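Protein chains: 2
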Amino acid sequence: MSGAPDFDRIKAAEARLDGHVRRTPILSAPALDALAGRRVLVKAECLQHTGSFKARGGWAAVSALPAAVRARGVIACSSGNHAQGVARAAAAHGTRALIVMPGDAPAPKVENTRALGAEVVFYDRAREDRDGLTATLAERDGLTLIKPYDDTEVIAGQATTGLEIAAQAAAEGVHAAEVLVCCGGGGLSAGIALALAETAPRMRVRPVEPDGFDDMARSLAAGTRLANSARDGSICDAILTPMPGEITFPVLASRAGPGLVVTEGEVLRTMKLAFQHLKLVLEPGGAVALAAALFRPDALSGDAVIAVATGGNVSAEVFARALSMPPTRA
Amino acid sequence: MSGAPDFDRIKAAEARLDGHVRRTPILSAPALDALAGRRVLVKAECLQHTGSFKARGGWAAVSALPAAVRARGVIACSSGNHAQGVARAAAAHGTRALIVMPGDAPAPKVENTRALGAEVVFYDRAREDRDGLTATLAERDGLTLIKPYDDTEVIAGQATTGLEIAAQAAAEGVHAAEVLVCCGGGGLSAGIALALAETAPRMRVRPVEPDGFDDMARSLAAGTRLANSARDGSICDAILTPMPGEITFPVLASRAGPGLVVTEGEVLRTMKLAFQHLKLVLEPGGAVALAAALFRPDALSGDAVIAVATGGNVSAEVFARALSMPPTRA
Numbered sequence: 001m002s003g004a005p006d007f008d009r010i011k012a013a014e015a016r017l018d019g020h021v022r023r024t025p026i027l028s029a030p031a032l033d034a035l036a037g038r039r040v041l042v043k044a045e046c047l048q049h050t051g052s053f054k055a056r057g058g059w060a061a062v063s064a065l066p067a068a069v070r071a072r073g074v075i076a077c078s079s080g081n082h083a084q085g086v087a088r089a090a091a092a093h094g095t096r097a098l099i100v101m102p103g104d105a106p107a108p109k110v111e112n113t114r115a116l117g118a119e120v121v122f123y124d125r126a127r128e129d130r131d132g133l134t135a136t137l138a139e140r141d142g143l144t145l146i147k148p149y150d151d152t153e154v155i156a157g158q159a160t161t162g163l164e165i166a167a168q169a170a171a172e173g174v175h176a177a178e179v180l181v182c183c184g185g186g187g188l189s190a191g192i193a194l195a196l197a198e199t200a201p202r203m204r205v206r207p208v209e210p211d212g213f214d215d216m217a218r219s220l221a222a223g224t225r226l227a228n229s230a231r232d233g234s235i236c237d238a239i240l241t242p243m244p245g246e247i248t249f250p251v252l253a254s255r256a257g258p259g260l261v262v263t264e265g266e267v268l269r270t271m272k273l274a275f276q277h278l279k280l281v282l283e284p285g286g287a288v289a290l291a292a293a294l295f296r297p298d299a300l301s302g303d304a305v306i307a308v309a310t311g312g313n314v315s316a317e318v319f320a321r322a323l324s325m326p327p328t329r330a
Numbered sequence: 001m002s003g004a005p006d007f008d009r010i011k012a013a014e015a016r017l018d019g020h021v022r023r024t025p026i027l028s029a030p031a032l033d034a035l036a037g038r039r040v041l042v043k044a045e046c047l048q049h050t051g052s053f054k055a056r057g058g059w060a061a062v063s064a065l066p067a068a069v070r071a072r073g074v075i076a077c078s079s080g081n082h083a084q085g086v087a088r089a090a091a092a093h094g095t096r097a098l099i100v101m102p103g104d105a106p107a108p109k110v111e112n113t114r115a116l117g118a119e120v121v122f123y124d125r126a127r128e129d130r131d132g133l134t135a136t137l138a139e140r141d142g143l144t145l146i147k148p149y150d151d152t153e154v155i156a157g158q159a160t161t162g163l164e165i166a167a168q169a170a171a172e173g174v175h176a177a178e179v180l181v182c183c184g185g186g187g188l189s190a191g192i193a194l195a196l197a198e199t200a201p202r203m204r205v206r207p208v209e210p211d212g213f214d215d216m217a218r219s220l221a222a223g224t225r226l227a228n229s230a231r232d233g234s235i236c237d238a239i240l241t242p243m244p245g246e247i248t249f250p251v252l253a254s255r256a257g258p259g260l261v262v263t264e265g266e267v268l269r270t271m272k273l274a275f276q277h278l279k280l281v282l283e284p285g286g287a288v289a290l291a292a293a294l295f296r297p298d299a300l301s302g303d304a305v306i307a308v309a310t311g312g313n314v315s316a317e318v319f320a321r322a323l324s325m326p327p328t329r330a
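So the sequences go chain by chain: A and B. Here the first sequence is numbered in full-length UniProt numbering, starting from 1 and rising by one per residue. Here the second sequence is numbered in full-length UniProt numbering, starting from 1 and rising by one per residue.
Keep in mind the hints are simulated off the structure, nothing from the lab. Model, not experiment: these values are computed from the prediction. Treat the hints with care, as some may be off.
[To be verified] Simulated DEER-style distance windows between Cβ atoms:
# : chain 1 : residue 1 : chain 2 : residue 2 : range
1 : A       : 34        : B       : 72        : 27 to 33 Å
2 : B       : 114       : A       : 69        : 58 to 64 Å
3 : A       : 23        : B       : 302       : 22 to 28 Å
4 : B       : 125       : A       : 34        : 29 to 35 Å
[Stated by the list, open to error] Calculated Cβ distances over 12 Å to all of chain A for the following chain B residues:
#  : residue
5  : 22
6  : 65
7  : 111
8  : 123
9  : 131
10 : 217
11 : 283
[Said to hold, decoys possible] Chain A is nowhere near these chain B residues, computed Cβ spacing over 10 Å in every case:
#  : residue
12 : 30
13 : 31
14 : 51
15 : 104
16 : 115
17 : 150
18 : 202
19 : 263
20 : 296
Note that beta-carbon positions come from the ideal geometry of N, C-alpha and C, so glycine has one too.
Put together the whole structure using the sequences plus the hints.
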């Protein structure tokens, strides 16, 4: 399977995930509504197992494998969050996970990946061919590669976030809204877009990226996949991908609204605001969607906006930087 | 009404709170289980509206008042969390809230109380007679005093936390456990104890306090209410009360296990661990129960322990102190 998942496949992933991933809460705070000038609903995927939504896609992919294939083990490339999602799913299914990780991945992500029972192999983000190394290791050990976003089952797993958003927002009286999603390769954005198309057609995904890594925004504007010039140099480590996915891009090109871009300063301020008003720990890459809700109000429409807070795996040092930001007031 | 609430009153509070307070999630993390040597379930009341469980008691008390009485307004004394709970409930019911607050209350709590529409009057914790001042203001304006813990309806409201714990823990397969509760005057501890007695009789409350403010632990051991010698000097501002409540103490004396006491260093380390592994922001007073789960394993029994994380209203400065604590490993 290498195309976008249809709705049956998303519902099948939902059934396999039941009891194994958390239905994370939708939170809000009057102070954030005041800042944004509209109601802000935050889907708190930082409270997901492993600290990010990647636990969904990892579980969906590993649980979908034929038993004999799964028994040989899985391999994944990841700066950390996909790694933890795959590692957790592999451990729970009693199989091996080998994770190929950049040498500059944040220490907590490396530690947590190992704590989940995975083996970690490092590569140099600037100089080594990650995909070649991964292919060699997969071939050697008979491992199945779980791609972070260009994988049908991974997208189906991330899409379950969208099923929950539709139901939870409706319970809050919100049936139409823009849904801001932190975007790397676009797996979560595409999954949510596919889920909402069936369950909440008056909601529309808007991918959000950090300054300098706005490949999805530029690609959506151009109508074709464009790459980032840089590979690192942003605090948003979780969502630094070279270019939109082959599967995810067409999904978003036909279903998502224009991409949004936020600055590093806005991301850090948003982390502090989430600390103050939601009591949530967000990592930089997990805060970009909420940052757009708070700092790009004129680029949004409607009385309510939904922001997916995708992850919370951040070092104490980076979080302390966010805490030292000046106050942000409405 | 000035006694402990019976179960009917707790269920009535639950009905009034429905749709107005959050059913907060129960969270867990493998790293915390490893540290504690048993399963640790964390009831995340820091994610409650206003950032603490006090939104429950405030709503229960204000919503229980006869309309004509409520229309004149309410008054409360609080270092901040009870203030916000009462302020939110009063605003939602369209009535006035006057809050008497110590001059050294953390700035975010003061700001948030005002943002919720309440008027704040300060007093000097060391020199002024808070209760006399409060009585004078109440008399002058015809306001109803909402006490922070020695109030039947407030206890009934906090007890709804216990109803949720019983149901959520059962869903996780946990039917017997010690339930660690951050304890000031004992309103939440007593409420949870009353709720569990009816819904999960194999669960037992253990109140937890910070070093130097262990009046409940000493009182339970002595069988009579004993006061703290100090009135301030702990980072756990939310739970610094002079002595156990008149209503709450007998409830806990007959239903709770021995109190537990933790150090400031353990509290700060626990805040960092909750940041790392749960992605939750805990304030010091909201972290003492989880600190006991992690650092007092020998004082606990059973395969699982439940810790109530009662609040997350902490300044960036204090949280940065927690982040600077050395790593804690199993």
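These are the hints, each one checked on the structure:
1. A:34 / B:72: 27 to 33 Å: 28 Å, holds
2. B:114 / A:69: 58 to 64 Å: 60 Å, holds
3. A:23 / B:302: 22 to 28 Å: Since residue 23 of chain A and residue 302 of chain B have Cβ atoms about 27 Å apart, the given range 22 to 28 Å holds.
4. B:125 / A:34: 29 to 35 Å: Hint holds: Cβ distance 31 Å, inside 29 to 35 Å.
5. 22: 7 Å, violated
6. 65: 23 Å, holds
7. 111: 9 Å, violated
8. 123: Residue 123 of chain B is indeed farther than 12 Å from all Cβ atoms of chain A, at 26 Å.
9. 131: 31 Å, holds
10. 217: 27 Å, holds
11. 283: 9 Å, violated
12. 30: 7 Å, violated
13. 31: Label violated. Min Cβ-Cβ 6 Å, cutoff 10 Å.
14. 51: About 6 Å separates residue 51 of chain B from the closest Cβ of chain A, which leaves it inside 10 Å; violated.
15. 104: 19 Å, holds
16. 115: The claim is violated: residue 115 of chain B sits with its nearest Cβ about 6 Å from chain A, within 10 Å.
17. 150: Holds, since 27 Å exceeds 10 Å.
18. 202: Given that every Cβ of chain A is farther than 10 Å from that of residue 202 of chain B, nearest at about 23 Å, it holds.
19. 263: 20 Å, holds
20. 296: 23 Å, holds
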